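So the sequence lines, in the order shown, correspond to chains A and B.
Heads up: the first sequence begins at 2 in the working numbering, then just goes up one per residue.
Heads up: the second sequence begins at 62 in the working numbering, then just goes up one per residue.
Treat the hints as calculated values from the structure; they're not laboratory data.
Remember, predicted model here, so these are calculated numbers, not experimental data.
A few of these clues could be false.
[What the hints assert, rightly or not] Listed below are several chain A residues computed to face chain B (Cβ distance under 8 Å; list not exhaustive):
no., residue
1, LEU6
2, ALA9
3, LEU10
4, ARG11
5, ARG15
6, THR117
7, ARG322
8, GLU323
9, ALA328
10, PRO334
11, ARG336
12, LEU338
13, GLY351
14, PRO420
Idealized CB from N, CA, C, for every residue including glycine.
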Amino acid sequence: MLNVLKIALRNLARFHRRTLLTSTLITLGIVAVLLFIATAGSFKGMMIGQFTDAILGHLEIHRRGYVASIDNLPLNLNIQPTMVGKIEDVLGKLDGVEAYSERVKFGAMFSNFTETTSVRVNGIDPQREAATTPLMPGRITEGSKDNLLAKSGDILIPTLLARGLKLKVGDTVVLVATNRDGSVNGRTFIVSGVMEAVSGPSGRDAYIRIDDARNLLRMTQPEVSEIAVRLKNPAKIDEMRDRLASQVGALVGQAAAPGPAKKASGTPGGLEVHTWAALSPFSNIANMIDLLTLFIKVMLVSIVLISILNVMVMAVYERIREIGTIAAIGTPPQRILSLFLTEGLLLGCGGVVLGVAISLAAVYVLNVWKITFNFGMQQGLVLSPSLSARDVMIIAGLVVLMALLASLQPAWKASRMDPVKALGHV
Amino acid sequence: MTALIRAEGLVKTYRSGEVDVPAVRGISFAIDEKSFVVFVGPSGSGKSTVLNMIGCLDHPTGGKLTVMGTDVSTLNRRSAADFRGRHIGFVFQDFNLIPVLTVYENIEYPLIMVQDWPEKKRREQIGRLLDAVGMSAQANKRPDQISGGQKQRVAVARALATNSDLVLADEPTANLDHDTAYRIIDLMKKMRNEFGTTFVFSTHDPKIMGEAEIIFTLEDGRLQQEQHRANHQEPAHA
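Extracted from the complex, chain B is given alone in its bound form:
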């Protein structure tokens, strides 16, 4: 299997006044295509920073990071946006749906604003995704009319709308109750199986992390453990 993401000695240091604050201290890892990967660790361990760098939202200060063969540390603002638009979908902890747009329009947003899809093609894609995430009946509802779990389903659909190769989800279950969190993780896995998309997410919930196939454990910006669960069983509640 080809490595979709490869990090070698990845470093990220923030400047806070006169002090350098290291967030990621030279970690190396590789993530293959169609993987279902989680970064775990306590708050401040560097999970979000790693995801931001993979998602071209932030630049490494050292080391090398390639995503789909592209050295993302060399991308400027415009090409980084273009790269994200073509290859990467995002799922946020707070869902970040646009409150006045309907479920349908929220999924449509990247297809209009990022990729300029024609209407017929948009309609087909959104219909397919709504079916896949089980939100067809709520297509015309606004975010304030649906539950947290449903919002995250919409967010997953939006992340997949542009046929992303990679979906990054930073703490996607943090604002959900336990059962709903499991269902979202199951949904993400189902989407991985259906669309062949690589999912990388972060969590500090030990139960949720057990659903991943590869677990990277971070602590204080260092990679403490890399665990592959090749014989992972589908959860009983799926």
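Bound conformation, chain A alone:
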């Protein structure tokens, strides 16, 4: 085999221009795909990070049916305090949970005493929320980022609202909310900060302290609308969702967890565990990025397949007399087959080695260069492309496999060639 490799290398060297051109084409294809994967992956990861680390958390626990009617923010589907305590126990013991934050969410009328509009109010524990969504303080554009909702009566309002109602930090506003029993209650708040939305000037989320929310809603018990969970390793989100669903399900007397669903796991006892993807429309964009990556991979495979097929067909055609000679002197057909397969394989491997090396160097340069971009209201996000060993292995394996497949037909043809006809070829 070593001898076949040696001869194949010599053959590639003799047609050095064609070898160089094909290798360059494969290399460029690999570089394009790996760089696309690295940058698109970085962009996607960053965007997902913006949603999970600034708003949603990785997982959220709700009463069954809450997410289905989440636009109404139904107060009658809150999780009751006894269950909240049990869920806290589970979360405290569950390996892989970094932090969690309980929230009370409701719709309210928001007024600056001259104008009124509607807002979605999030009652939060500032410390726990900051631990669960650590990028949240970074969204504050006016007011203190360090001392989030420091006092009772503080409110963080979205930029759009601040602009529209001409509000600034220190102004007094009124929130009026309808309670679960239908009665209405209002309370004044002081604007302690203005914050931007992740996806642009469309957010209508205001934040107050969770105790203030419960007071405003006249809750007699510390209910919560949702519990946001931050994971230590977001890559294990589906596994953690299923584990959490199973353990939370056991709390309501249903030991068996449901089978893993794509984005949400329900518990028979009336609780649901959702991943961020089930709660954010950005998951569709993330899916589109994945689809684009797949298309680019298919294009690469086509490039490799066509270039190597072309080279190998030409190699066989140009070397018909030589094939006749080596067949005549007794080279076994399977050795002729392996010779041409090895040439194709070497072309693929050469392209892969060069392509991966250039891609890694380019990723390094991009990281040193620190390219910035804006996403919605987020300015100057630094692109940090990275390549996982898995991605590199998949692309390299795919290219090598394609190189082998593309060489198969010409190699087979060469090995089956009639020596007499081949020797007579002009």
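Given the coordinates of chain A, work out where chain B should sit on it, guided by the hints.
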């Protein structure tokens, strides 16, 4: 002396569209070991076809052909290649050296690709053959850097590289000038004497054919004459 090659009623017919074209029409002959044999005849007389069949490159359509006791008409593609690799060397009219390999590498090719010889043994064999064909000084030259006669010397060395029992040479002198052609025939004869290899070649050059010990004359696919030159003298120019 044992017959190395024996043909009995050998027939080869090609199919061209709807027409059968007979190339060899039932010839019989025997060639002994260590012979120096030539098939002569005009173009289309069947010389190359006979050589191709002896070399297991083509199958007879009739008759029987045994080479070294093996009925070569029964060999399939793989066993025919194996048989050629073990027993037969070829010298071609156009030399058919691999252009990007050096003289040394061209001789080495069958030892690597056909017989997997270890490097030390290869080096010794190639050194011996280069000396024998007088090409040691050109070992590192590529085919385009040597003359036609030298190319054919390399081709003879390559044919002998695997210690072939039989070397088949189809018109080995057709592309060479007269003097060079004689020198190649002399070289082949010298190799026969040195290595004990049987040489069978074809030519239509009447002067060259005189160098052979056995002359088979073919015409229109039929064996017209078999001439044995037992008292053949070494040529004066050797």
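Cross-check of the supplied hints:
1. LEU6: Violated - the Cβ of LEU6(A) stays beyond 8 Å from chain B, reaching only about 11 Å at its closest.
2. ALA9: violated (11 Å)
3. LEU10: With Cβ-Cβ at 11 Å, over 8 Å, it is violated.
4. ARG11: With Cβ-Cβ at 7 Å, under 8 Å, it holds.
5. ARG15: holds (4 Å)
6. THR117: violated (86 Å)
7. ARG322: holds (7 Å)
8. GLU323: At 6 Å from the nearest chain B Cβ, GLU323(A) passes the 8 Å test, so the hint holds.
9. ALA328: holds (7 Å)
10. PRO334: holds (6 Å)
11. ARG336: Cβ of ARG336(A) sits 6 Å from chain B, so the hint holds.
12. LEU338: violated (11 Å)
13. GLY351: violated (18 Å)
14. PRO420: Constraint on PRO420(A) satisfied, holds at 5 Å.
Going down the numbered hints, you'll see the structure goes against 1, 2, 3, 6, 12, 13, while the others check out.
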